[in-house]
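Number of protein chains: 2
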Amino acid sequence: MSIQVIKFGGTSVANISRIKNIASIIEERIKSKKNKIVVVVSAMSGVTNKLVEAYKKIKTDTLDPEYDVILSTGEQYSSALISTILNEKRINSRSILGWQIPIVTDSNYSKARIFKICQNFFRDQFSNYDVLVVAGFQGVSNDHRITTLGRGGSDTSAVAIAYALGLKSCEIFTDVEGIFTSDPRIVKDATKIDFITYEEILELASLGSKVLHPRSVELAMKYGIKIHVRSSFKKNIGTMVIKEENKIEKEVVTGITSSENDAKITLKGIPDKPGIAAEIFGILARINVNVDMIVQNITDDGKFASLTFTVPIEDQANAVNELKSSDIKFKNIHADKSICKISIIGVGMKSNVGVAQKMFETLAKKNINIQVISTSEIKISVLIDLPKKKTAITSLHKAYGLKK
Amino acid sequence: MSIQVIKFGGTSVANISRIKNIASIIEERIKSKKNKIVVVVSAMSGVTNKLVEAYKKIKTDTLDPEYDVILSTGEQYSSALISTILNEKRINSRSILGWQIPIVTDSNYSKARIFKICQNFFRDQFSNYDVLVVAGFQGVSNDHRITTLGRGGSDTSAVAIAYALGLKSCEIFTDVEGIFTSDPRIVKDATKIDFITYEEILELASLGSKVLHPRSVELAMKYGIKIHVRSSFKKNIGTMVIKEENKIEKEVVTGITSSENDAKITLKGIPDKPGIAAEIFGILARINVNVDMIVQNITDDGKFASLTFTVPIEDQANAVNELKSSDIKFKNIHADKSICKISIIGVGMKSNVGVAQKMFETLAKKNINIQVISTSEIKISVLIDLPKKKTAITSLHKAYGLKK
Chain A
741 MSIQVIKFGG TSVANISRIK NIASIIEERI KSKKNKIVVV VSAMSGVTNK LVEAYKKIKT
801 DTLDPEYDVI LSTGEQYSSA LISTILNEKR INSRSILGWQ IPIVTDSNYS KARIFKICQN
861 FFRDQFSNYD VLVVAGFQGV SNDHRITTLG RGGSDTSAVA IAYALGLKSC EIFTDVEGIF
921 TSDPRIVKDA TKIDFITYEE ILELASLGSK VLHPRSVELA MKYGIKIHVR SSFKKNIGTM
981 VIKEENKIEK EVVTGITSSE NDAKITLKGI PDKPGIAAEI FGILARINVN VDMIVQNITD
1041 DGKFASLTFT VPIEDQANAV NELKSSDIKF KNIHADKSIC KISIIGVGMK SNVGVAQKMF
1101 ETLAKKNINI QVISTSEIKI SVLIDLPKKK TAITSLHKAY GLKK
Chain B
741 MSIQVIKFGG TSVANISRIK NIASIIEERI KSKKNKIVVV VSAMSGVTNK LVEAYKKIKT
801 DTLDPEYDVI LSTGEQYSSA LISTILNEKR INSRSILGWQ IPIVTDSNYS KARIFKICQN
861 FFRDQFSNYD VLVVAGFQGV SNDHRITTLG RGGSDTSAVA IAYALGLKSC EIFTDVEGIF
921 TSDPRIVKDA TKIDFITYEE ILELASLGSK VLHPRSVELA MKYGIKIHVR SSFKKNIGTM
981 VIKEENKIEK EVVTGITSSE NDAKITLKGI PDKPGIAAEI FGILARINVN VDMIVQNITD
1041 DGKFASLTFT VPIEDQANAV NELKSSDIKF KNIHADKSIC KISIIGVGMK SNVGVAQKMF
1101 ETLAKKNINI QVISTSEIKI SVLIDLPKKK TAITSLHKAY GLKK
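From first to last, the protein sequence lines stand for chains A and B.
Going letter by letter, the first sequence gives residues 741 to 1144 in my numbering.
Going letter by letter, the second sequence gives residues 741 to 1144 in my numbering.
So here's chain A without its partners, still in its complex pose:
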């Protein structure tokens, strides 16, 4: 008996005709070999948003067990509907809910973390069924209440189940063909990446390329589970997310991504004294505003400094107001939403010199001004004017030879 864990996202199960499509994918696997399949499913696309909306009409705080009871109906419904369709195709299948396995989690409702998944349950059920359609995104707390794992949690369900079953990999079927070197809507030449490391995809995810939920990648990285990201609609092989040591050829730059989720705030004329930055960022931390990129300059006379940093675009107004009404002294404050963060990502960067220089050079040639720079081991990000976004990405894509 060979067990596979495959996950289908919301768009792959959006309606009956799409469910019939995934039923064919499952059917093929059952017929070809003596396979047993765990199918992890999301709610049909749009359903979770509607449930969240209904809840939020009453209450905004989601750290509430009732929120999880409401949201989990989405996957309960889709798993049973999919199993019904599979049964009608004479595929011996049943739906499975989080509490039935159980997938035991902590009691952090709306963002629970998995403690334990019972492996025996699957082995037992496979003596009666060929396909187990597991409602993703849900678990059960120690006091027998339904929990949910946070948005995109079905990816995490799939990886965790693969691990519980002692598997080395799992497949995530989605509405794209894999991970691309850049957004194909911006860069025409963008190509599918065959292999990407966990670290690289985490950098991509944190920048808003949400093909995989970051928690699922962290989990897969921890336990060395390969993730095959592929399309529900095409038969092509997608992108394999793997360990760095398994990636034989380490491209210097694997992908280029951009984010428009940040706003830039600049404070000018701050007295240049020790502890002033800590004071400013302390104020923002107290109102729960995450600061990302930071750059500090000192004026020629050495008395005053200016500070530039980025915050999530939705927190910008709040951050500015809070700083204005604080005790911090500064000459003026300026906020700019018309910016964009461009990042190049690649594990090969670590062992290659000149990667950053090529980035700066490429942008300079196109007359694009870099406002802020930040770097990590496998990523370099720059902040530029929003209207220059497309030119920046396209020229960088070419400069790093990402076109096949």
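In case anyone wonders, no lab produced these hints; they're calculated from the structure.
What you were told as hints is all true, and nothing was included just to trick you.
Which copy is meant is left open, so a pair is good if it fits within one copy or across any two.
Each computed DSSO-like pair below joins lysine-lysine, with the alpha-carbon atoms no more than 27 Å apart:
1) 1128 with 1138
2) 771 with 799
3) 829 with 796
4) 1090 with 966
5) 829 with 771
6) 760 with 796
Assemble the complex: chain A is given as a structure, and chain B must be docked to it using the hints.
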């Protein structure tokens, strides 16, 4: 600690404003005394129909565990939403699902019967919560799968929980003020019945007056649980459903009801020989057609008989075809959908003579022809022409003094 079990139907929880209305009812009870409340809820009105529709697009057979998984999302959703609203009103409440208690049932999916309800669960939960909002209509089988109790099953959930908690009564809040002597849309003078026996309400239910689900009444009758049927929208006392021996004043006739769900079939010129009726009804039984009222006549010469009976209106065509293609010999067959069954119901009937005679006399005076008659201990039904329905009911209502 005094525990109450109250149930709200789908129309009572149809939207947030109605849920807020029932929240006020619950709030009042919590504040006035040291009460603990079990609130049993249906799905929001229309939801179950939509879920059934989605399932039936794929499969018609509902004897399938997946059907129950799908349908149970309706009450899961409403129970959590209601509990959220109660919590926002500072009523200490949580939602409860069938498997959490558990409400253990058999494995007859889509029409499961309750085996056992764990009383301790409620006692335990009441140490933390004042109100437990139980998702009605659902249970769990011995192999840990979700089951549902059949349409209207939330009434049954409420009565069964009241029994499990050792209570003598429960309340069913609905969109009507109680049980009426007749349908107020037909009889202007129809009045609310203060007390009705289980037997009487079962006769009413079998005739299509679906205020209470018959199974809930059978269960209440078996364990002597009083049911108070009342309106969610008005404060008035409704109708109390009680044991016959507790009904002090036994009206001869408690109520008058009508049904248009039957069609009449008449076979003429059947050879009058033993076993012919058994043969005819055997054919209908084999194609699953329920026969209700029956009358048989023999012609003057004694050689031929005619047979008239009623079947559910949707089975009429099928029944006629099956009889025509059978070996049964008859001169002609005639079907009539323009009929209506009028029934008078009352436990007092048993000890009163002349009840039937008054019915026939009243109808005769109005020139209404009785086509078929059937009787039980507490019911007399007659089949009449559909266009005479209103006149028949109104005059009977007056004749038996049902107007207050």
